[in-house]
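Student: Construct all of the structure, not just a fragment, from the sequences and the given hints.
Taken in order, these protein sequences are the chains called Y and F. Numbering follows our numbering, with no gaps: position 15 of the first sequence is 15. Numbering follows our numbering, with no gaps: position 448 of the second sequence is 448.
Simulated from the structure, these hints should not be mistaken for lab results. Any given hint could turn out to be false.
[Unchecked claim] Result set (BS3-like, lysine-lysine): computed pairs, CA atoms no more than 30 Å apart in a straight line:
#, chain 1, residue 1, chain 2, residue 2
1, Y, K45, F, K109
2, Y, K100, Y, K181
3, Y, K181, Y, K201
4, Y, K45, F, K80
5, F, K80, F, K109
6, F, K109, F, K37
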Amino acid sequence: MRVLPPLLRRKPAVAVLMCVPLFALILGLVAYPFFHALFLATLNKAETAFVGLDNFTFLFGRQTFWMVVRQSLLFALVAVVFKALIGLAAAHAINTIPTKGQRKWRGMMLIPWVIPPALSTLGWWWLFEPTYSAINWGLTKFAMPAVPWLSDTFWARFSIILVNVWVGAPFFLIMYLAALKSIPGELYEAAEMDGAGPWQKFFFITLPMIRNIIAITTLFSIIVTLANFDIVRVLTQGGPLNTTHLFATYAFRVGIESGDIPLGASVSLFMFPMLAILAFIILRNVRRRAASLA
Amino acid sequence: MGTKATASRRTFMKTAGAAAAGALAAPYVKTAHSAGKLKLGLWDHWVPGANEALEQILTRWGEDNGVEVTIDFITSIGNKLLLTAQAESRAGSGHDIYSHAFAMVPLFKHRLVAVDDVVEDILSTQGPIAEISRFSAFLDGAWKGSPSPTGTLSYPTVARRDLFLEHAGIDLTELFPASDARDPAKVDGWDWETFREAAAALHAAGHSFGAPLATTPDGSAWLAHLFASYGAAMVDERGEVVVNSDAVREVLEYLIRLAEFMPDSVYAWDDASNNRWLISGQGGAIFNPPSAWAVAKRDNPDVARHVWHCDVPRGPAGRFRAFTSFFWGIWDFSESQSAARDLLRYVAQPEVVATMLRASQGFDLPMIRSHYDHSNVWAEAEPPAGVLYNYAMLGDERTVFAGYPAPPEIGARIATQQILPTLAARVTQGGDSISEAVGWAENELEGVLRG
Numbered sequence: 001m002r003v004l005p006p007l008l009r010r011k012p013a014v015a016v017l018m019c020v021p022l023f024a025l026i027l028g029l030v031a032y033p034f035f036h037a038l039f040l041a042t043l044n045k046a047e048t049a050f051v052g053l054d055n056f057t058f059l060f061g062r063q064t065f066w067m068v069v070r071q072s073l074l075f076a077l078v079a080v081v082f083k084a085l086i087g088l089a090a091a092h093a094i095n096t097i098p099t100k101g102q103r104k105w106r107g108m109m110l111i112p113w114v115i116p117p118a119l120s121t122l123g124w125w126w127l128f129e130p131t132y133s134a135i136n137w138g139l140t141k142f143a144m145p146a147v148p149w150l151s152d153t154f155w156a157r158f159s160i161i162l163v164n165v166w167v168g169a170p171f172f173l174i175m176y177l178a179a180l181k182s183i184p185g186e187l188y189e190a191a192e193m194d195g196a197g198p199w200q201k202f203f204f205i206t207l208p209m210i211r212n213i214i215a216i217t218t219l220f221s222i223i224v225t226l227a228n229f230d231i232v233r234v235l236t237q238g239g240p241l242n243t244t245h246l247f248a249t250y251a252f253r254v255g256i257e258s259g260d261i262p263l264g265a266s267v268s269l270f271m272f273p274m275l276a277i278l279a280f281i282i283l284r285n286v287r288r289r290a291a292s293l294a
Numbered sequence: 001m002g003t004k005a006t007a008s009r010r011t012f013m014k015t016a017g018a019a020a021a022g023a024l025a026a027p028y029v030k031t032a033h034s035a036g037k038l039k040l041g042l043w044d045h046w047v048p049g050a051n052e053a054l055e056q057i058l059t060r061w062g063e064d065n066g067v068e069v070t071i072d073f074i075t076s077i078g079n080k081l082l083l084t085a086q087a088e089s090r091a092g093s094g095h096d097i098y099s100h101a102f103a104m105v106p107l108f109k110h111r112l113v114a115v116d117d118v119v120e121d122i123l124s125t126q127g128p129i130a131e132i133s134r135f136s137a138f139l140d141g142a143w144k145g146s147p148s149p150t151g152t153l154s155y156p157t158v159a160r161r162d163l164f165l166e167h168a169g170i171d172l173t174e175l176f177p178a179s180d181a182r183d184p185a186k187v188d189g190w191d192w193e194t195f196r197e198a199a200a201a202l203h204a205a206g207h208s209f210g211a212p213l214a215t216t217p218d219g220s221a222w223l224a225h226l227f228a229s230y231g232a233a234m235v236d237e238r239g240e241v242v243v244n245s246d247a248v249r250e251v252l253e254y255l256i257r258l259a260e261f262m263p264d265s266v267y268a269w270d271d272a273s274n275n276r277w278l279i280s281g282q283g284g285a286i287f288n289p290p291s292a293w294a295v296a297k298r299d300n301p302d303v304a305r306h307v308w309h310c311d312v313p314r315g316p317a318g319r320f321r322a323f324t325s326f327f328w329g330i331w332d333f334s335e336s337q338s339a340a341r342d343l344l345r346y347v348a349q350p351e352v353v354a355t356m357l358r359a360s361q362g363f364d365l366p367m368i369r370s371h372y373d374h375s376n377v378w379a380e381a382e383p384p385a386g387v388l389y390n391y392a393m394l395g396d397e398r399t400v401f402a403g404y405p406a407p408p409e410i411g412a413r414i415a416t417q418q419i420l421p422t423l424a425a426r427v428t429q430g431g432d433s434i435s436e437a438v439g440w441a442e443n444e445l446e447g448v449l450r451g
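Tutor: Right, dumping it as structure tokens:
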């Protein structure tokens, strides 16, 4: 039997060693791009001179940029609220099913989340196709008017939010389901003995017990939703009238498609301080609640 | 920049025949530097069979010259051609030769090697290049791309001649016959007002005219020729923002009236939507190269036999047609520049161009004028007989690109940021007044012009 070298027999050393691939990934795919984007955002369009914060100042004078800010916030808030509500309702529904039958429902509900979004969104695009929408074909069969899913501002926004909710709700479902299962059954039994009804049990036991999970899931989802790219790119490419652009797609239009990389980097970095503040507030509350429970 | 294509072409046909014949007779000379490997990132052709023909030509050239040629055909759908170029230019690695549509040459000029020796060789043996093509690729005193054997195209009116005759009373085959025997007076009457009246009649008959008012290259293209024909520009030749003009207001007023007769879905169309609109039999007219007809020939022959390509309507400032030149450029990180230059020379040979014209069923337009003399593809295309005769610009049309008449670097950004279709959609769908929309465009153009 081979004996491990002394260094590897020390648990902290092994732990660090095993974390190296993760650190390398984070350094290479998160830290380096982030600092490189910061660097790019301080350059002029030709990337030949340092301009400080001029790119951000320039952005603040652009009508389209402020429209993108408003749209991104609207998109993220509406989509996250619906994902959370649907996820919670679905988690409750599955949690009431006997354990034996839960697996297949969990599996089916997770399908939208595990399919690569670019692929599933392409399927949605066929359903919404501007001229030959499959959904509209069905609607007209029942003498109902066709809906301009992608060519009207309201419906285009509705469509990208709908697809985002469809893709993202299962994440909330699985997180909430795990949280629900961790609540001790005795709490509900005691509440029932005290005469509590279903709503009272939900508001006074379920919600407080999964509050931290709700907060963390919401934070994570806001970050991911605000940074969404693929759904808008495939469905609307930011149209009509730029009214479905999000930070990522607008940064892509300005930076990659129009060759103004520094301005594109500035657009994409704009959401960083907002998300950092949000993350700080939510995580601080989570920590405080955890501390008070302890 | 516009160019009177017809007059110069005809003049050229008479005067440069001998030079062209000489070019045809001259064999391609293999150089000592051409061995090695070449990776090509080429535009994925719309017309079925064109890629295969080009691949055969390039593979044969590789075998004859001891060069291992690898080809990736990259679609322009979803701007993938541009995105791949951006990725390669940032990474400093990728293909040796890359296809660049007109807006891409100015965008990537800093990473493209000058190919003056190649282009000057080509022009000295084969005659002049279209002025609009020179304008797109001759940048800062150097050629940054060489003529591509595929991809260069224009956006004529592509109409259902049967529907125009039945519902609008316009015989397009009489106006634009498959011969040079046009009646100038009748052609002169083919203006945007006539077109709008026809669009109204077609719309009432359930066969609307359709063109993208969405952020897609085809949207920028047809609006480029509409705006130019009203003398309306975003930025002038000196790089000054001139969007706040009477001409722009006039063309936007016209667009509001025209859009009444277009389908609502045009605000979400992509480059394939107008093709589908015509091929399905639903559309009465579009502005497009002959790809819609070529695919209809395969997928819906009943529609294809009624399609007719003809000139773009005239506006107060003249008659213009959107024109996109395609170039092959050599990246500065290519390690096979000698072989790449040899290949650029070879694919501009008239016989290669003629082969590709046949393979693309006339979709491609040569940018070197003498190359028109070596092909009858537009006259021979059918059904119906003469369907493409007028695709190879015969009349008084001048060529433009999105962003015209701004300098190429600015025009390229006007095109890639899709300012024209967004401006048009703001007044036709978004509820903006013309003044509000013009104000928005001025604000956007500041971003285009920033240093």
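Student: Decide, hint by hint, whether the structure agrees.
Tutor: Each hint, compared with the structure:
no. : hint              : verdict
1   : K45/Y <-> K109/F  : 14 Å, holds
2   : K100/Y <-> K181/Y : 14 Å, holds
3   : K181/Y <-> K201/Y : 15 Å, holds
4   : K45/Y <-> K80/F   : 22 Å, holds
5   : K80/F <-> K109/F  : 19 Å, holds
6   : K109/F <-> K37/F  : 23 Å, holds
In this structure, every one of the numbered hints holds.
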